[in-house]
Amino acid sequence: MRESLKGQSRPQIERIERRLFLRRGLSLGALALLSGCDVTNAESVQKALWAMSRWNDRVQGWIFDPTRLAPEFPDSAITMPFPFNAFYSMDEAPAVDAASYKLELGGLVRDKKPWTLPELYGLQPQISQVTRHICVEGWSAIGKWSGVRFGDFLKRIGADLTAKYVGFRCADKYYTSIDMPTALHPQTLLTFRFADQILPTPFGFPMKLRIPTKLGFKNPKHIVAIFVTNEYPGGYWEDQGYNWFSGS
Amino acid sequence: MTPSGHDTVRIHPLVVRITHWINAFAILIMVASGWRIYNASPLFGFKFPSDWTLGGWLAGALQWHFAAMWLIAMSGLTYVTYGIVSGHFRRKLLPVTPAAVWRDVAAAARGKLAHGDLRVYNAAQRAAYLGAIVIGIVLVLSGLVLWKPVQFYTLGLLMGDYEGARYVHFFAMAALVLFVIIHVVMAVLVPRTLPTMFTGRVRLPGAAGGD
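The listed protein sequences correspond, in order, to chains A and B.
Quick note on this note's numbering: the first sequence kicks off at 8 and runs consecutively.
Quick note on this note's numbering: the second sequence kicks off at 1085 and runs consecutively.
Read the hints as simulated data drawn from the structure, not as lab findings.
Be aware that one or more of the hints could be misleading.
To be verified - Below 27 Å or equal to it, Euclidean Cα-Cα: the simulated DSSO-like pairs (lysine-lysine) are:
{"no.": "1", "chain 1": "A", "residue 1": "Lys120", "chain 2": "A", "residue 2": "Lys171"}
{"no.": "2", "chain 1": "A", "residue 1": "Lys54", "chain 2": "A", "residue 2": "Lys120"}
{"no.": "3", "chain 1": "A", "residue 1": "Lys54", "chain 2": "B", "residue 2": "Lys1232"}
{"no.": "4", "chain 1": "A", "residue 1": "Lys120", "chain 2": "A", "residue 2": "Lys109"}
{"no.": "5", "chain 1": "B", "residue 1": "Lys1232", "chain 2": "A", "residue 2": "Lys171"}
{"no.": "6", "chain 1": "A", "residue 1": "Lys54", "chain 2": "A", "residue 2": "Lys171"}
Using the sequences plus the hints, can you model the full thing?
Below, the structure is given as structure tokens:
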């Protein structure tokens, strides 16, 4: 008993019922679409989304392998020119005075003595790394950063390495924070040079934390203060809804 | 539900019906929020209209995407596991041969594809549903690479690393959307398939009140 699409025949009453069923379904859909803004902006929905984001922070913490390295690239793979990205335009990047600059330390740190730029430049060993910067927007670019392992620096200043968070405050009023396992990752660098030059102002002079296992916005530039804490410090974008862990 | 149980037969198991609608809902969220995420850094020379997207801005879209991700992962995994373990896939989707698919697609194009017996999928349907499952798996895997390009680096190499995975994810999305459009059009053309996806039951061909 073969039957084609065209040849569909069925009792009239059934057809009418179906039409009503479909129309009701369509109006329900239309209603959902019309009130879409209200539904998705409802406080309860927003709360659920934020809760899911915090859940995803935990899951990412479990997935994160502190020994797994981000891929490194040859110098020939470096993206030129490297894209500038911040919450302001390039000419608004903060001009930090090198002579008066002092890095402040706070929180669960034994030695809170501020660091001058010459002292930071004198840290050893300095290493270079060509890694991929992935932006939360989706694009990626490969760059070269040089500096010292952040984990070494944290040990040097007597940071409590069992604490949960490391927070950063920046000269451009930006702020962010990361988890301790990522802070101690061997590729997480406190960098002073970009593309073999002293960090240019748009790229974070005098100091940028380079984390190839996190999205770009988790890599603070123009750092003026570092603190170690167990209280969730949030961040500039994180407080507006971007996922806090944002690790790769 | 089955006052006339003697002339209806169950064609969609409960697990399939439940996961079908959860998957449909989750895919709607994933696609709509995914388009908003795409718009933040388009791969091609176009953007999706804002009104078709979900989330309001990039951060909102990402929140939706990474919340619905769990829904699609759990429902999709349940569906695929059930389909394999219960033999549902083997019974309903196999065998499928290129020749049979070609024959049925050609028949459908001429409006002459048989839909008399909803218990049996024609070859075009089998290919489409198997294709949708494969596309879904590709979407999840490429999505994992985009979410965790370092942790899933080896998997990423299969699709051209992070940047390659962006294209894989995009084209798999496009293929899935194409599937959904065809799927919905076919359901509208053969509307008695729709209630079946809720009740799971279909009247036997030739039974009272039937065709």
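Handout entry: Violated hints, by number in ascending order, as checked against the structure
Key = Failing hint: just 2.
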